[in-house]
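Trainee: These are the residues of each chain, in order.
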Amino acid sequence: MKELAKMVVVLTVFAAVSAALLAWTNSVTSEPIAKAGKAEKVAALKRVLPPCDNDPLSESMQFGEGAGSMVFHVARKGGEFVGAAFVSSAKGYGGPIQVIVGVKADGTIQGVEILDAPAETPGLGAKVREAGFLRQFQGRQAADTRWAKVRKDGGEIDAVTGATISSRAVAEAVRRGLEMFAAHLEEMKAPKNASHPAEESER
Amino acid sequence: MKFLRQLARGLWEEIPVFRVVLGMCPTLAVSTSLENGLGMGLAVVFVLTCSNVAISALRNIIPPKVRIPCYIIVAATFVTIVDLFMNAFAHELHRALGIFIPLIVVNCIILGRAEAFAGKNSVALSLADGIGMGLGFTIALSVVSVIREALGNGSVTVWHGIGWRIPGAPQTLLMILAPGGFIVLGCLLAAMNHIQARIALRAGRGYPPPAELDCRHCCLCRPSPQNPAA
Numbered sequence: 001m002k003e004l005a006k007m008v009v010v011l012t013v014f015a016a017v018s019a020a021l022l023a024w025t026n027s028v029t030s031e032p033i034a035k036a037g038k039a040e041k042v043a044a045l046k047r048v049l050p051p052c053d054n055d056p057l058s059e060s061m062q063f064g065e066g067a068g069s070m071v072f073h074v075a076r077k078g079g080e081f082v083g084a085a086f087v088s089s090a091k092g093y094g095g096p097i098q099v100i101v102g103v104k105a106d107g108t109i110q111g112v113e114i115l116d117a118p119a120e121t122p123g124l125g126a127k128v129r130e131a132g133f134l135r136q137f138q139g140r141q142a143a144d145t146r147w148a149k150v151r152k153d154g155g156e157i158d159a160v161t162g163a164t165i166s167s168r169a170v171a172e173a174v175r176r177g178l179e180m181f182a183a184h185l186e187e188m189k190a191p192k193n194a195s196h197p198a199e200e201s202e203r
Numbered sequence: 001m002k003f004l005r006q007l008a009r010g011l012w013e014e015i016p017v018f019r020v021v022l023g024m025c026p027t028l029a030v031s032t033s034l035e036n037g038l039g040m041g042l043a044v045v046f047v048l049t050c051s052n053v054a055i056s057a058l059r060n061i062i063p064p065k066v067r068i069p070c071y072i073i074v075a076a077t078f079v080t081i082v083d084l085f086m087n088a089f090a091h092e093l094h095r096a097l098g099i100f101i102p103l104i105v106v107n108c109i110i111l112g113r114a115e116a117f118a119g120k121n122s123v124a125l126s127l128a129d130g131i132g133m134g135l136g137f138t139i140a141l142s143v144v145s146v147i148r149e150a151l152g153n154g155s156v157t158v159w160h161g162i163g164w165r166i167p168g169a170p171q172t173l174l175m176i177l178a179p180g181g182f183i184v185l186g187c188l189l190a191a192m193n194h195i196q197a198r199i200a201l202r203a204g205r206g207y208p209p210p211a212e213l214d215c216r217h218c219c220l221c222r223p224s225p226q227n228p229a230a
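For the record, the sequence lines run as chains Z and C. Residue numbers for the first sequence follow the working numbering, beginning at 1 and rising by one. Residue numbers for the second sequence follow the working numbering, beginning at 1 and rising by one.
No wet-lab data here; the hints were simulated from the structure. Please note: incorrect hints may appear among the correct ones.
[What the hints assert, rightly or not] Here are the simulated DSSO-like cross-link-like pairs (lysine-lysine), alpha carbons at most 27 Å apart as the crow flies:
1) 77/Z / 189/Z
2) 149/Z / 41/Z
3) 91/Z / 152/Z
4) 2/C / 120/C
5) 65/C / 6/Z
6) 46/Z / 35/Z
7) 2/Z / 65/C
8) 46/Z / 77/Z
9) 120/C / 2/Z
10) 6/Z / 120/C
11) 38/Z / 77/Z
12) 38/Z / 189/Z
[Unchecked claim] Just a sample of chain Z residues kept apart from chain C, beta carbon distances all over 12 Å, derived:
13) 67
14) 71
15) 81
16) 176
[Unchecked claim] Computed beta-carbon distance windows for the label pairs:
17) 135/Z / 8/C: 43 to 53 Å
18) 202/C / 40/Z: 55 to 65 Å
19) 40/Z / 201/C: 48 to 58 Å
Quantities reported herein were computed from a predicted structural model and do not represent experimental measurements. Ideal Cβ positions, reconstructed from N, Cα and C, are used throughout, including at glycine.
Whole structure, please, built from the sequences with the hints as guidance.
Mentor: Here's what the structure looks like:
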C-alpha cells in the first residue's frame, strides 16, 4: 500500500512539474513565435509582390466562403493597384502544403514560395521548396490557368523527380488561387477608400 | 578520466546506430541529406544530455515500477521545451528541423540510455554518456546521410545550400527512398561488425556480443577455436 502511494505521488509530481515547466516555456515563447511567424510572412510578401508603399499584410480582402475562402493581400503604390498576393494550400503527400503567390496588376506571376510544407518527405517532396522548381511559375499568366498542372496531368509544370504528388499539390494550390484572383481582380483594383466589407472581417 | 572514457564509449565501442542498433526509426527517416542528419543528430545530443542528467539526478526518487513513464515524461518535456525555444529564437533553424524534433521523443536512444545507464550511474558519468552517445549518433547518422545523398542526389549539403555537387554523379532515386536507407544501413552494420571482430581477434580478445542486441541468429562471436573468449 505504501509502495502504491509512493508511485502515485511521484508520478503526479513528475507530471505537475513537467506541466508547470511547459506552461512557463509556452508563456515565454508564444509571443516571439507569433512575431517570428509574422515577420516571415511579411518577408515572403515583400519577395513575391512588386514594390509598393502600403502595408500589404494589413490591407487584406477575403473572397469565397467556408473552406474555399482565400485571403488576398493587396499592394498599392501611390494608391494605385500594383499587385496582390494570396496564401493558398492543397493536400500534398504527407499533409497540407501552403504556398504564397504574388501576382502583378497585369496578371503575371511575380513569384511563388512555399510557406509551409511540414509533412513532405525530406529529400523528395520537400524539394518543392527549391528555386529550380518554383521558378517555373514566374511570369506565367493568371488569366488562363491551363498551364498550372504537372506535365503528367496535361499542364506545363515539370514535377520534382519522384515527388509528383507534392508538385501536383503546389500546382493545384497556385491554380485555385489564380482563379480566385482573376474572378475578383476588379474588386481589388477598386481604390482603398471604397472599402470592401470583407476587409473588416479579416481582423 | 572515467568521464572521458565514458564519453568515448559512445563514439566507437557502443556507437548507437552501428553497435547498439538503437534509434533506427529516425536514422532511416531522416538520413536523406547530410544537412538533415546533422540537424537531427545535434538536437539529439542536446535532449539526450539533458534527459540523462535529469534522470540520473532523480534516480533515487523514481520508484522502479513506474520508471518508464517517468523517463518518458522527462524526455517529452525536454523535447517540447527545445521545440518551443527553437521556434521562438532560432526560427530559421526550426524551419529546417521542425519535423525532426518531435521525433526525438520516440527515439529509442533516449529511453535506452535512461534505462541502461542514467538510471544507475552518477550525474557526471550520465552527462558524459549523454554527450558521447549523442555525438556517436550524430556521426553514424552523418555517415549514412552522406552515402545516401551522394548516391541518390549527387550532392553533399552541409547546411542550407552550402555544400558540393558531385559532377556527373548518377542520381539513383532508390537511395533517397526508404529501401536505400535499409541497404546502406545493412552494409554499414555488416562492415562495422566485420571491422570490430577483426580488431578483437587480432588483439587475441573475443569479440563481445553487441550490447543489447539479440544475437541468437549470428555466429560471429560464438565460442570457437579462433574465438575462445566469447
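Trainee: Hints first: check each against the structure and report whether it holds.
Mentor: Each hint, compared with the structure:
Taking the CA atoms of residue 77/Z and residue 189/Z, the gap is about 12 Å. The hint holds against a cut of 27 Å. The hinted pair formed by residue 149/Z and residue 41/Z meets the criterion: a straight-line CA distance of about 26 Å does not exceed 27 Å. For the proposed pair residue 91/Z and residue 152/Z, the alpha carbon gap of about 18 Å is at most 27 Å, so the pair holds. Between residue 2/C and residue 120/C the alpha-carbon distance is near 15 Å, which keeps this suggested pair within the 27 Å criterion.
For the given pair, residue 65/C sits about 10 Å from residue 6/Z by alpha-carbon distance, which is consistent with the 27 Å threshold. Distance check on the hinted pair: residue 46/Z and residue 35/Z sit about 16 Å apart at the alpha-carbon level, within 27 Å; holds. Restraint check for residue 2/Z and residue 65/C: satisfied, since their Cα atoms lie roughly 13 Å apart, inside the 27 Å limit. Taken as a hint, the residue 46/Z and residue 77/Z pair is honoured in the structure, with Cα atoms around 13 Å apart against an allowance of 27 Å.
In summary, the hint linking residue 120/C to residue 2/Z is supported, as the alpha carbons are separated by about 23 Å, within the 27 Å threshold. As the CA atoms of residue 6/Z and residue 120/C are separated by approximately 20 Å, the hinted pair is consistent with the 27 Å bound. Among the hinted pairs, residue 38/Z with residue 77/Z is consistent with the structure: their alpha-carbon atoms are about 22 Å apart, no more than 27 Å. At roughly 25 Å between alpha-carbon atoms, residue 38/Z and residue 189/Z fall within 27 Å of each other, so this suggested pair holds.
Every C-beta of chain C lies more than 12 Å from that of residue 67/Z, the closest at about 25 Å, which supports listing it as non-interface. The claim that residue 71/Z lies off the interface holds: its Cβ sits roughly 22 Å from the closest Cβ of chain C, which is beyond the 12 Å cut-off. Against the 12 Å criterion, residue 81/Z stays outside the reach of chain C, whose nearest CB is about 32 Å from its own CB. With a least beta-carbon separation of about 24 Å from chain C, residue 176/Z lies farther than 12 Å from that chain, consistent with its non-interface assignment.
Between residue 135/Z and residue 8/C the CB atoms are about 48 Å apart, so this pair conforms to the stated range of 43 to 53 Å. Distance hint for residue 202/C and residue 40/Z: a CB-CB separation of about 56 Å, consistent with the stated range 55 to 65 Å. A C-beta distance of roughly 56 Å is found between residue 40/Z and residue 201/C, which places it inside the suggested range of 48 to 58 Å.
In this structure, every one of the numbered hints holds.
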